[in-house]
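**Q** Take a look at the letters that make up each chain.
Number of protein chains: 4
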Amino acid sequence: MAQDKPVFLVIGAGAGIGGHAAARFAAGGYHAVLARRSDQDGLERLVRQIEDAGGSASGTLLDAAADRSMEELVERIERDIGPIGCALYNLGAQIGNRALENTPHKTFELGWRLGCFGVFRLAYAMFPAMVERGKGTLLVTSATAAMRGNAGQHSHAAAMGGRRMLCQTLNAEFAPKGVHVAHVVVDGSVNAPDTLGKLLGDKWEDYKAMKGPDGMIDPAALAETYWHLAQQPRNCWSHEVDVRPHDDVPWWNDNPNPQIDSTGKGFAGPKT
Amino acid sequence: MAQDKPVFLVIGAGAGIGGHAAARFAAGGYHAVLARRSDQDGLERLVRQIEDAGGSASGTLLDAAADRSMEELVERIERDIGPIGCALYNLGAQIGNRALENTPHKTFELGWRLGCFGVFRLAYAMFPAMVERGKGTLLVTSATAAMRGNAGQHSHAAAMGGRRMLCQTLNAEFAPKGVHVAHVVVDGSVNAPDTLGKLLGDKWEDYKAMKGPDGMIDPAALAETYWHLAQQPRNCWSHEVDVRPHDDVPWWNDNPNPQIDSTGKGFAGPKT
Amino acid sequence: MAQDKPVFLVIGAGAGIGGHAAARFAAGGYHAVLARRSDQDGLERLVRQIEDAGGSASGTLLDAAADRSMEELVERIERDIGPIGCALYNLGAQIGNRALENTPHKTFELGWRLGCFGVFRLAYAMFPAMVERGKGTLLVTSATAAMRGNAGQHSHAAAMGGRRMLCQTLNAEFAPKGVHVAHVVVDGSVNAPDTLGKLLGDKWEDYKAMKGPDGMIDPAALAETYWHLAQQPRNCWSHEVDVRPHDDVPWWNDNPNPQIDSTGKGFAGPKT
Amino acid sequence: MAQDKPVFLVIGAGAGIGGHAAARFAAGGYHAVLARRSDQDGLERLVRQIEDAGGSASGTLLDAAADRSMEELVERIERDIGPIGCALYNLGAQIGNRALENTPHKTFELGWRLGCFGVFRLAYAMFPAMVERGKGTLLVTSATAAMRGNAGQHSHAAAMGGRRMLCQTLNAEFAPKGVHVAHVVVDGSVNAPDTLGKLLGDKWEDYKAMKGPDGMIDPAALAETYWHLAQQPRNCWSHEVDVRPHDDVPWWNDNPNPQIDSTGKGFAGPKT
Numbered sequence: 060m061a062q063d064k065p066v067f068l069v070i071g072a073g074a075g076i077g078g079h080a081a082a083r084f085a086a087g088g089y090h091a092v093l094a095r096r097s098d099q100d101g102l103e104r105l106v107r108q109i110e111d112a113g114g115s116a117s118g119t120l121l122d123a124a125a126d127r128s129m130e131e132l133v134e135r136i137e138r139d140i141g142p143i144g145c146a147l148y149n150l151g152a153q154i155g156n157r158a159l160e161n162t163p164h165k166t167f168e169l170g171w172r173l174g175c176f177g178v179f180r181l182a183y184a185m186f187p188a189m190v191e192r193g194k195g196t197l198l199v200t201s202a203t204a205a206m207r208g209n210a211g212q213h214s215h216a217a218a219m220g221g222r223r224m225l226c227q228t229l230n231a232e233f234a235p236k237g238v239h240v241a242h243v244v245v246d247g248s249v250n251a252p253d254t255l256g257k258l259l260g261d262k263w264e265d266y267k268a269m270k271g272p273d274g275m276i277d278p279a280a281l282a283e284t285y286w287h288l289a290q291q292p293r294n295c296w297s298h299e300v301d302v303r304p305h306d307d308v309p310w311w312n313d314n315p316n317p318q319i320d321s322t323g324k325g326f327a328g329p330k331t
Numbered sequence: 060m061a062q063d064k065p066v067f068l069v070i071g072a073g074a075g076i077g078g079h080a081a082a083r084f085a086a087g088g089y090h091a092v093l094a095r096r097s098d099q100d101g102l103e104r105l106v107r108q109i110e111d112a113g114g115s116a117s118g119t120l121l122d123a124a125a126d127r128s129m130e131e132l133v134e135r136i137e138r139d140i141g142p143i144g145c146a147l148y149n150l151g152a153q154i155g156n157r158a159l160e161n162t163p164h165k166t167f168e169l170g171w172r173l174g175c176f177g178v179f180r181l182a183y184a185m186f187p188a189m190v191e192r193g194k195g196t197l198l199v200t201s202a203t204a205a206m207r208g209n210a211g212q213h214s215h216a217a218a219m220g221g222r223r224m225l226c227q228t229l230n231a232e233f234a235p236k237g238v239h240v241a242h243v244v245v246d247g248s249v250n251a252p253d254t255l256g257k258l259l260g261d262k263w264e265d266y267k268a269m270k271g272p273d274g275m276i277d278p279a280a281l282a283e284t285y286w287h288l289a290q291q292p293r294n295c296w297s298h299e300v301d302v303r304p305h306d307d308v309p310w311w312n313d314n315p316n317p318q319i320d321s322t323g324k325g326f327a328g329p330k331t
Numbered sequence: 060m061a062q063d064k065p066v067f068l069v070i071g072a073g074a075g076i077g078g079h080a081a082a083r084f085a086a087g088g089y090h091a092v093l094a095r096r097s098d099q100d101g102l103e104r105l106v107r108q109i110e111d112a113g114g115s116a117s118g119t120l121l122d123a124a125a126d127r128s129m130e131e132l133v134e135r136i137e138r139d140i141g142p143i144g145c146a147l148y149n150l151g152a153q154i155g156n157r158a159l160e161n162t163p164h165k166t167f168e169l170g171w172r173l174g175c176f177g178v179f180r181l182a183y184a185m186f187p188a189m190v191e192r193g194k195g196t197l198l199v200t201s202a203t204a205a206m207r208g209n210a211g212q213h214s215h216a217a218a219m220g221g222r223r224m225l226c227q228t229l230n231a232e233f234a235p236k237g238v239h240v241a242h243v244v245v246d247g248s249v250n251a252p253d254t255l256g257k258l259l260g261d262k263w264e265d266y267k268a269m270k271g272p273d274g275m276i277d278p279a280a281l282a283e284t285y286w287h288l289a290q291q292p293r294n295c296w297s298h299e300v301d302v303r304p305h306d307d308v309p310w311w312n313d314n315p316n317p318q319i320d321s322t323g324k325g326f327a328g329p330k331t
Numbered sequence: 060m061a062q063d064k065p066v067f068l069v070i071g072a073g074a075g076i077g078g079h080a081a082a083r084f085a086a087g088g089y090h091a092v093l094a095r096r097s098d099q100d101g102l103e104r105l106v107r108q109i110e111d112a113g114g115s116a117s118g119t120l121l122d123a124a125a126d127r128s129m130e131e132l133v134e135r136i137e138r139d140i141g142p143i144g145c146a147l148y149n150l151g152a153q154i155g156n157r158a159l160e161n162t163p164h165k166t167f168e169l170g171w172r173l174g175c176f177g178v179f180r181l182a183y184a185m186f187p188a189m190v191e192r193g194k195g196t197l198l199v200t201s202a203t204a205a206m207r208g209n210a211g212q213h214s215h216a217a218a219m220g221g222r223r224m225l226c227q228t229l230n231a232e233f234a235p236k237g238v239h240v241a242h243v244v245v246d247g248s249v250n251a252p253d254t255l256g257k258l259l260g261d262k263w264e265d266y267k268a269m270k271g272p273d274g275m276i277d278p279a280a281l282a283e284t285y286w287h288l289a290q291q292p293r294n295c296w297s298h299e300v301d302v303r304p305h306d307d308v309p310w311w312n313d314n315p316n317p318q319i320d321s322t323g324k325g326f327a328g329p330k331t
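So the protein lines, in turn, are chains R, B, D and F.
Sequential numbering of the first sequence, starting at 60, is according to my numbering.
Sequential numbering of the second sequence, starting at 60, is according to my numbering.
Sequential numbering of the third sequence, starting at 60, is according to my numbering.
Sequential numbering of the fourth sequence, starting at 60, is according to my numbering.
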């Protein structure tokens with residue numbers, strides 16, 4: 060049923076980043092539309108939590124890779140729910156490390172479909188109405204793999220690198236028309252049961268314990284940064300922002316930190 | 060006189076970015092200490108505005124390039140005013156474009172002293188107490204010249220490039236100890252009378268008119284982003300953030316935007 | 060028929076970069092295999108020129124986008140001609156500037172297939188034998204769009220950005236095994252009749268005249284740099300190299316060069 | 060005594076990179092002028108080796124940090140020896156890792172003087188004659204610290220970051236005038252007794268043994284790449300080139316290489 064609030068659309072609304080972002084934007088006055096691939100119960104739980112907190116939300120299962128799926132969702136929202144004020148593309152296709160010989164062609168393509176082509180399709184479907192209204196925001200939860208390609212990450216890095224350049228081309232064309240595109244590089248683990256937790260399986264609890272209280276990104280904190288980006292007035296927009304836990308070594312640094320010798324002269328290491 | 064609020068120290072507090080940041084942090088509960096090179100009246104005006112709005116502030120003239128000046132200011136604040144919770148290094152040495160032959164050695168060195176060495180000195184003086192308290196923030200108002208060196212910008216770009224790498228080394232050493240270092244790339248004009256306005260002289264009013272209402276960064280908006288960065292919990296820190304007006308072409312793009320041919324195939328240009 | 064020389068395989072052998080690279084490697088003792096999509100006559104002309112100069116070459120038409128096409132070519136070469144010592148991936152899918160609404164989904168996908176997926180397929184097919192031999196080189200003729208995304212370049216930049224990250228993941232996995240991966244950013248026009256000339260059509264002659272004698276990259280010069288990269292001993296490998304004509308403004312700079320004021324102080328421009 | 064060959068000037072001519080570059084350019088027909096801070100015997104040995112191989116060379120002790128030292132050397136060469144065709148700035152001020160509190164202000168400044176200001180001074184002194192002749196080359200042996208700042212590297216990274224931006228500003232102004240500026244990022248250990256060997260002291264032999272035959276950059280190989288850069292025609296100039304041994308992990312990758320799981324799905328690590 061149509062309503063008055065601008066819509067915040069989350070493509071990939073798990074209990075981590077997507078769910079927390081939806082909660083934050085709902086608290087800020089948006090109607091949050093949560094879309095995820097599976098687990099109807101989990102989806103309804105997230106929607107209920109938002110409603111219990113006084114916010115407005117709805118959910119839908121979505122196979123983002125399927126033809127016309129996102130396009131029809133965007134049409135339906137604009138027609139039946141309300142104008143999309145902000146969308147969060149929160150999908151990737153991280154499959155763990157695979158040597159090249161163990162990266163099937165289909166896998167490489169799927170990484171591109173979900174990680175890069177999906178962003179193109181969403182923008183293609185969503186931007187015309189935003190341009191007509193003269194405003195809108197696209198936030199993209201991205202990865203370190205958009206900045207550099209590690210061994211074993213052929214599919215994921217190619218998809219992320221492509222998406223990063225696409226975010227720049229989209230920004231170049233649409234920022235002047237009032238659409239804010241922000242590429243957010245999540246450079247560290249996120250306390251997210253539906254993605255990282257699932258990937259780690261039974262090692263998840265130990266991993267969390269090892270990381271400690273501030274060793275992983277709190278998705279509520281990231282949601283706050285997403286909220287800030289969406290609130291920036293158009294005379295002061297950020298396009299690319301990195302985030303990580305304070306004791307996580309940034310991707311550009313040697314890891315672990317080279318030994319800092321505070322008493323004398325030590326060998327700095329060859330890459331200095 | 061000592062007081063209870065954490066201190067927000069602005070090195071380079073003009074009426075633009077520095078003054079607005081001071082106002083925002085004062086509104087957020089900090090005692091703002093505004094330091095600038097000259098114009099005692101302007102300084103007092105900024106302090107009064109903050110106090111009139113219910114905030115707490117004080118000001119001091121500061122020759123940041125002078126030996127021991129910033130160091131003594133930091134000591135004095137920690138001893139007489141309160142613990143520095145956050146500092147904003149808001150100085151550069153932009154002198155306009157100069158061919159190499161018109162960039163005196165003294166000028167090249169001054170750019171380094173104000174743009175790069177000053178950040179080193181401030182961190183050196185300020186970080187030990189922050190580390191002891193287990194928290195603190197250093198925000199650096201930086202420039203596109205930290206990312207790429209344009210013709211005519213020998214002194215400025217060398218200083219900014221050095222400062223960007225220094226921000227990374229400081230972050231690498233101190234983020235694990237609870238000190239948040241953020242390098243903010245201001246990639247566009249700022250509506251700042253004391254810096255850009257002064258540089259443009261009598262062309263300032265025409266420039267503002269040409270740029271239009273959203274064509275320059277509103278320093279109050281940038282102050283809001285600075286506030287957000289300082290509030291990020293330590294499990295979700297951003298190190299590098301860019302800002303620009305929405306219709307400003309990002310530094311990485313061709314400027315002006317290449318012609319987008321929406322009816323047929325056009326020549327993309329050699330740099331694609 | 061099998062022969063003794065290592066093979067230099069060019070995927071995308073037009074009369075510009077590909078043809079000149081083939082000639083250079085043939086002069087250096089390789090058997091050059093030139094593969095291109097169409098124009099059998101043009102292909103034969105290039106092969107004959109190499110043979111007339113005393114080198115060894117053969118040509119084949121190749122639809123690189125077609126399933127199994129590159130894979131079968133690699134198999135055939137290894138079986139019937141000789142070991143591939145070096146390959147040059149010289150394909151992109153630059154279609155000129157198109158607004159998002161004029162970038163059909165099929166076009167976006169084709170850019171990825173030719174610009175990114177093709178590199179994956181070639182490496183997948185070719186690297187096992189190179190690893191077994193303990194040596195090999197993959198050169199990729201890349202574009203500025205791999206470094207930044209301009210307006211109107213959605214498909215091309217996404218493909219190039221993806222390919223750049225893929226080159227890094229390939230390098231990370233295979234450089235330790237003796238395979239040299241080099242990503243060459245061609246940041247300027249190339250004097251190449253089959254690609255740029257075709258794109259410009261009847262404007263080609265005027266464009267060349269306007270650019271002047273050193274205003275476009277001489278493909279023979281680029282071939283020399285490719286040759287150098289392939290000859291680097293494995294203790295001193297370059298992964299990423301940029302090239303441009305000396306009077307072409309690098310992509311990272313404002314274009315045109317801001318006015319350098321050599322007599323006084325001038326306004327540097329907002330992006331400094 | 061004046062002579063006919065163009066001069067190749069090496070600022071920082073140790074037995075590693077500088078000495079090998081001098082030998083290569085002398086073999087290519089230049090008169091090599093080797094300048095180093097100390098060790099007259101070592102200098103004379105390098106000169107003699109070049110002359111014994113049939114080349115032309117001379118040497119001079121040079122305190123590059125001293126006022127007017129490089130300027131007077133450039134004047135003397137142009138007046139008494141010959142036109143400088145190419146110069147190699149081969150100095151840095153790598154002092155090993157130091158925590159901020161153990162980086163004296165004087166040390167931070169010295170890093171800038173040798174690593175950044177020295178490049179400015181050399182270009183300032185040398186470029187006017189090159190511009191008048193319409194040609195010339197400046198090669199800069201640079202470091203990973205120009206690309207990212209590791210912990211403990213405050214002085215070095217600030218100097219290298221500044222120098223990298225300076226190389227871009229110099230390139231922007233002088234490439235159109237025929238002067239080729241190339242910034243070479245040496246991203247790995249170099250088999251160089253006078254710099255790395257000295258830094259490691261009695262651990263040098265063990266380090267070399269551990270690294271193996273191709274584990275360190277052979278300065279003769281790097282000299283070959285320098286030679287190639289200096290020979291590039293001006294329609295095809297490279298500005299930034301990286302080099303490393305093939306089994307050295309590039310600075311942008313996680314180090315060590317994340318475990319590539321070739322049999323199943325493995326955890327990729329948080330920074331992917």
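Don't take every hint at face value.
Claimed, not checked - Simulated restraints on C-beta separations: (1) Trp263(R) <-> Leu259(F): 40 to 46 Å; (2) Gly88(B) <-> Glu103(R): 37 to 43 Å; (3) Gly271(R) <-> Leu259(F): 31 to 37 Å; (4) Ser97(R) <-> Gln108(D): 57 to 63 Å; (5) Leu259(R) <-> Ala268(B): 56 to 62 Å; (6) His164(R) <-> Gln290(F): 50 to 56 Å.
Source of the hints: derived by calculation from the structure; they are not laboratory data.
Backbone N, C-alpha and C define an ideal beta-carbon position, used for all residues, glycine too.
**Q** Within 56 to 62 Å or not, the Cβ separation of Leu259(R) and Ala268(B)?
**A** Since the Cβ atoms of Leu259(R) and Ala268(B) sit about 57 Å apart, the hinted range of 56 to 62 Å holds.
**Q** Does the hinted range 31 to 37 Å hold for Gly271(R) and Leu259(F) at CB?
**A** holds (36 Å)
**Q** State, for the Cβ atoms of Gly88(B) and Glu103(R), whether the hinted interval 37 to 43 Å holds or is violated.
**A** holds (40 Å)
**Q** I want to verify a distance hint. Is the separation of the beta carbons of Trp263(R) and Leu259(F) within 40 to 46 Å?
**A** holds (43 Å)
**Q** Do the beta carbons of Ser97(R) and Gln108(D) sit within 57 to 63 Å of each other?
**A** The hint (57 to 63 Å, Cβ to Cβ) holds, given that Ser97(R) and Gln108(D) are roughly 59 Å apart.
**Q** Could you tell me whether the CB distance from His164(R) to Gln290(F) stays inside 50 to 56 Å?
**A** Check failed, 41 Å falls outside 50 to 56 Å.
Consistency note: the structure conflicts with earlier hint 6 alone.
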